[in-house]
Amino acid sequence: MALAFDEFGRPFIILKEQEQKSRLRGLDAQKANISAGKAVARILRTSLGPKGMDKMLQSPDGDVTITNDGATILEQMDVDNQIAKLVVELSRSQDYEIGDGTTGVVVMAGALLEQAERLLERGIHPIRISEGYEMASRIAVEHLEHIAQKFDFGVTNIEPLVQTCMTTLSSKIVNRCKRSLAEIAVKAVMSVADLERKDVNLDLIKVEGKVGGKLEDTELIYGILVDKDMSHPQMPKQIEDAKIAILTCPFEPPKPKTKHKVDIDTVEKFQTLRQQEQKYFDDMVQKCKDVGATLVICQWGFDDEANHLLLHRNLPAVRWVGGVELELIAIATGGRIVPRFQELTQEKLGKVFCFFFFPRYIN
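Our numbering puts the first residue of the sequence shown at 18, with every later residue one more than the last.
Simulated from the structure, these hints should not be mistaken for laboratory data.
Computed from a predicted model, the values in this text were never measured in an experiment.
Worth double-checking, as some hints may not be accurate.
[As the list claims (entries may be wrong)] The calculated DSS-like cross-link candidates involving lysine-lysine, where the alpha carbons are at most 27 Å apart (straight line), are:
| # | residue 1 | residue 2 |
| --- | --- | --- |
| 1 | K260 | K215 |
| 2 | K167 | K215 |
| 3 | K274 | K286 |
| 4 | K227 | K245 |
[To be verified] Simulated DEER-style distance windows between Cβ atoms:
| # | residue 1 | residue 2 | range |
| --- | --- | --- | --- |
| 5 | R214 | T235 | 52 to 60 Å |
| 6 | P28 | K48 | 31 to 39 Å |
| 7 | V228 | S52 | 40 to 48 Å |
| 8 | K368 | R214 | 23 to 31 Å |
| 9 | V81 | G309 | 31 to 39 Å |
| 10 | E106 | T173 | 53 to 61 Å |
| 11 | P143 | V224 | 39 to 47 Å |
| 12 | I164 | W337 | 35 to 43 Å |
| 13 | T173 | Y297 | 50 to 58 Å |
We treat Cβ as the ideally placed atom computed from N, Cα and C, and that holds for glycine.
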């Protein structure tokens with residue numbers, strides 16, 4: 018340990034292990050950064066292509082993942098080097114923007130770094146190497162545009178898209194069902210795509226997995242998948258021409274925002290409180306019936322009293338539906354999300370041709 022002073026005369030301590038460390042500069046620092054990037058690319062190189070091998074990853078919790086997807090491998094890697102983290106971010110950006118090619122982009126970056134290292138050893142400045150790579154990129158893009166073949170596709174002609182999608186599934190574990198899965202993926206995208214604007218809102222596509230079954234059981238549902246049961250088992254599982262009230266307010270009496278205490282010392286007071294709660298539930302159910310709702314979908318839950326009253330009034334209901342699912346239901350049915358019962362009107366009801374719950378989805 019040594020004591021030193023800065024330019025203002027303030028003392029600071031230099032630890033002995035810090036004295037032994039040296040700062041890399043110039044070509045040595047550049048080679049160290051390149052080595053970190055090449056190390057990440059070397060890990061993914063064996064997973065590239067149709068003959069690429071899968072990797073078994075074990076998390077600190079003991080969970081085992083088997084995959085050859087570059088984004089998944091890098092996501093579960095513990096990377097400390099800052100340059101290696103840049104390569105990991107490159108793979109994440111590729112996965113976010115394109116959805117494929119996460120392994121290839123890292124392997125290509127590693128190959129470019131390897132060639133750049135040779136050029137640095139020959140004395141070429143890094144800026145010149147960067148400019149050369151940019152020029153080569155422009156030439157490669159121009160050549161790709163020259164040799165590319167355009168094909169027509171549409172809602173009635175999806176075969177070119179299916180063939181393209183099958184090539185991306187060839188190196189995945191699901192390649193034995195790549196034809197059916199490719200058709201499902203293309204049909205799902207075409208159903209929500211805006212072909213005029215060339216835009217696809219992937220948030221409108223939901224992938225739901227269930228334990229058990231086979232890959233061949235995968236199917237495409239043109240509707241909203243709701244992984245919930247009816248609030249009461251005796252409620253109907255199928256409703257034709259349903260008019261849906263989409264609620265984000267709880268189906269229960271309002272609770273004071275401050276601390277409160279209710280003293281009940283007689284049977285009459287208890288009966289009065291019970292009658293008041295029943296009247297409140299009855300008013301809420303009657304409000305839904307008056308506007309013509311035949312189904313209630315609520316973001317929050319409701320107690321057994323309200324549930325029994327809904328069954329008695331022949332008003333099916335679903336509770337504890339997530340906010341994202343409520344938004345999708347509102348978009349698909351043309352309804353409006355209602356935050357308060359007082360704002361519920363007939364114009365805000367969603368309309369669907371058929372609603373049934375055995376396969377657990379809204380058509």
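How the hints compare with the structure:
no.: 1; hint: K260 / K215; in the structure: 33 Å, violated
no.: 2; hint: K167 / K215; in the structure: 15 Å, holds
no.: 3; hint: K274 / K286; in the structure: 23 Å, holds
no.: 4; hint: K227 / K245; in the structure: 13 Å, holds
no.: 5; hint: R214 / T235: 52 to 60 Å; in the structure: 29 Å, violated
no.: 6; hint: P28 / K48: 31 to 39 Å; in the structure: 36 Å, holds
no.: 7; hint: V228 / S52: 40 to 48 Å; in the structure: 43 Å, holds
no.: 8; hint: K368 / R214: 23 to 31 Å; in the structure: 27 Å, holds
no.: 9; hint: V81 / G309: 31 to 39 Å; in the structure: 53 Å, violated
no.: 10; hint: E106 / T173: 53 to 61 Å; in the structure: 41 Å, violated
no.: 11; hint: P143 / V224: 39 to 47 Å; in the structure: 43 Å, holds
no.: 12; hint: I164 / W337: 35 to 43 Å; in the structure: 54 Å, violated
no.: 13; hint: T173 / Y297: 50 to 58 Å; in the structure: 54 Å, holds
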